[in-house]
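Mind docking chain B with the ligands on chain A? Use the hints.
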Amino acid sequence: MHNSVQTTIMSSSQQTTATSQDIENSIDSRAETDIVPPIEAGAHLDDDDRRRVFDFMLQTREFDLAMLRLYRQGRAFGGVYSQMGNEATAVATAYALQEQDVLFPMHRDIGAHFVRGQSLHALMLNHLARKGSMMRGTDGTGHYADPDKRIYGNISHLGAMIPVAAGFLMASRLKGEDCVAMTYIGDGGSQIGDFHEAMNLAAVQNLPLIVIIENNQYAYSTPNSESFACERLSDRALGYGCHGVTVDGTNPEAVYDACFEAIRNARGGGGPALIETVSMRMRGHAEHDDFSYVPREVIEYWGRRDPVDRYEKLVLERKIMTADEIAARRKEISSQMNAVIDEVVELPFPDAEEGFKNIFMD
Amino acid sequence: MPTMTYLEAISDALRTEMHRDESVFILGEDVAGFGGAFRITKGFVEDFGKRRVINTPISETAIIGAAIGAALNGMRPVVEMQFMDFVTNGFNQLANVAATTAYRWGIPVPMLVRGPAGGGVGGGPFHSRNSEAWFAHTPGIKVVCPSSAADAKGLTTAAIRDNNPVVMFEHKGLYRKIREDVPEGEYMVPLGEARTVRSGNDASVITYGSMVFTAREAAEKLAQEEGADIEIIDIRTLVPFDEEAVLASVRKTGRALVAHEATLTGGFAGEIAARLADKCFEFLDAPIRRVAAFDSPTPFAPTLERAVLPSVDVVTKALRELLEY
Ligand SMILES: Cc1ncc(C[n+]2csc(CCOP(=O)(O)OP(=O)(O)O)c2C)c(N)n1
Ligand SMILES: [Mg+2]
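So the protein lines, in turn, are chains A and B. Each residue of the first sequence is one higher than the one before, counting from 10 in the numbering used here. Each residue of the second sequence is one higher than the one before, counting from 5 in the numbering used here.
It should be emphasised that the hints constitute simulated quantities derived from the structure, not laboratory data. The beta carbon of each residue, even a glycine, is placed where N, CA and C say it ideally should be. Some hints could be false.
Below, in silico cross-link-like pairs of lysine to any residue (SDA-like), each with a Cα-Cα straight-line distance of 20 angstroms or less [as the list claims (entries may be wrong)]: (1) B:Lys54 with A:Lys366; (2) A:Lys328 with A:Gly312; (3) A:Lys366 with B:His141; (4) A:Lys322 with A:Lys140; (5) A:Lys366 with B:Thr104; (6) A:Lys366 with B:Gly110; (7) A:Lys366 with B:Gly196; (8) A:Lys184 with B:Ser27; (9) A:Lys366 with B:Pro143; (10) A:Lys184 with B:Arg55; (11) A:Lys184 with B:Arg56; (12) A:Lys140 with B:Gly110; (13) A:Lys184 with B:Lys54; (14) A:Lys184 with B:Pro143.
On the chain B side, residues computed to face chain A include the following (Cβ under 8 angstroms) [what the hints assert, rightly or not]: (15) Gly53; (16) Ala70; (17) Asn77; (18) Gly78; (19) Gln97; (20) Ala106; (21) Gly110; (22) His141; (23) Gly144; (24) Asn167; (25) Asn168; (26) Arg220; (27) Val318.
Covered by chain B, per the in silico footprint, the following chain A stretches (three or more residues, Cβ under 8 angstroms) [unchecked claim]: (28) 144-151; (29) 154-164; (30) 175-181; (31) 347-354.
One chain only, chain A, in its complex shape (with noise of 0.2 angstroms):
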């Protein structure tokens, strides 16, 4: 982390270069020196679409500042898993599915759900375990189920809804039903088998799966050098006979264009992708933790590649919202959600009979 080499991770379209590997090596401490490339229109948005997607991010933002009071004045519930740095990714995958096709999302994928059109009211009701939750207080955060919406959430266990997600198209395909499905991994979550007996089924299978491996640098207090030695997570999609291809991950663009063409392949019957996207947990595994193991230029460095300021420049840069504007919808966000909040913190919790209910469906 001491030389000005600067990385260049390139969208899909052209020859990756940089490797986790290469990012810990070229960080660059001092800000004066870092310069970081101003992202740059890519191929397949247009400005209503980036209008749209940069209003998703500023969502997600807004979302977990919120959260984090909820933490800090101790009426969260569970872990309070942060999405900072991975706005752009959660929400520039997503927004490349068409309404028919399948989300199954992670733990940092809050802006996916916004982008599938879920409602606040639906996730905080989740998060704060209220009655009249999706999931009757039996399960929180985003670990539910919205069919209408085709969002099949995570369990806690690592991994474990990639078969998921590749079965459900294995269905599709019985029903003649044109359905692509994105899920999610951490940099730590795809050393698990779930990971690689999934792919490997996909791509035995020819499904329209697209794997979205999100390295943010550290799997809790691990990092990255301890959880994997390949250059990139990427790779594997050699060994798997599949679509491979890493981008920056603070960069919607990029990540939009990654994604867009997998989809398009995908869909015309060339099999699964593997995508990984490069960026950083800006926070603690949740927010219990002080991520103290992570080193301060590292967390410097990123700072500097925020996705939603960097998103924000160019945002401005194409006239599509002023300084003023942005500054508006902000406040527009953050008091929608204060709004919210207030009223479900009221609710009550469910009833304790729920506890007792649905083992097994009739």
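Structure of chain B with the ligands alone, referenced to chain A:
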């Protein structure tokens, strides 16, 4: 009524359900073409095509996980474990994904995971397990252990039509050992209804799976030698458990022996014994007995295997003691 082996009965149920319902499909190792290690799906791929009879890589997690995903998307997958021992490799999918989905999401996961289990055939530690208790201890999963050819067909049908994850332990020792009358066409034995294998008044044997045969031999022997009148209840399914039938039998006979081929400690016999102690203590004329395998892995050599698995002699001796108490 045609006669079928236990194995043919399962095959017949699968075939019948696949004809009846387009959403039923099969996935597993070597199931297409080859027909599976025990040839239960022999000829299926020719009849139903490669999309409904799917050969998978050796990936139990992915196979079971994929079945869950397909079930979420409206199908009724049937997964074959080449041997039930290998379900351990997919345990997480069953115990954490499949078992919790109804509770958390209220969405049905209709799927059947089935395959050969049980010992007595020289399979050794890794091809002989009876691991039904793990699943009975996991709320959200139904557990089926057929002991007759007709039940094998009827329970397979019911398991496929059930809207929940079902795990079925087929006893491989019974596959070709028994040939019985089996109803033709669609035939269903509801999950959760015990069967009286043999009526009697002196003592009840509560059992399932291969031990039904062991118990029957012991009961016949005692009937001939001592005129004892033993009742045998085959619970057929551990989950749901037909508690009423078991309690009724023991209330009648006053003596209970609970038997399974699985190992003793933490086995389902302990659960049954506890319920009997709870709910018909005042009807009991003797302490509840259990007969089960010795608490060891299933050994390979025939001498060792015979010694650790419960035999007719062990059941006979336990019954005699129960009657004499
Ligand atoms: C199978 C399994 N083992 C352990 C855990 C505990 N755990 C939860 S998240 C986590 C770290 C995950 O890191 P990564 O996959 O990189 O995702 P990130 O949180 O960094 O986005 C661990 C160890 C788990 N949820 N599942
Ligand atoms: Mg990580």
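Of all the hints numbered above, which does this structure not satisfy? Sort the numbers upward. 1, 2, 4, 14, 15, 22, 26, 27 and 31
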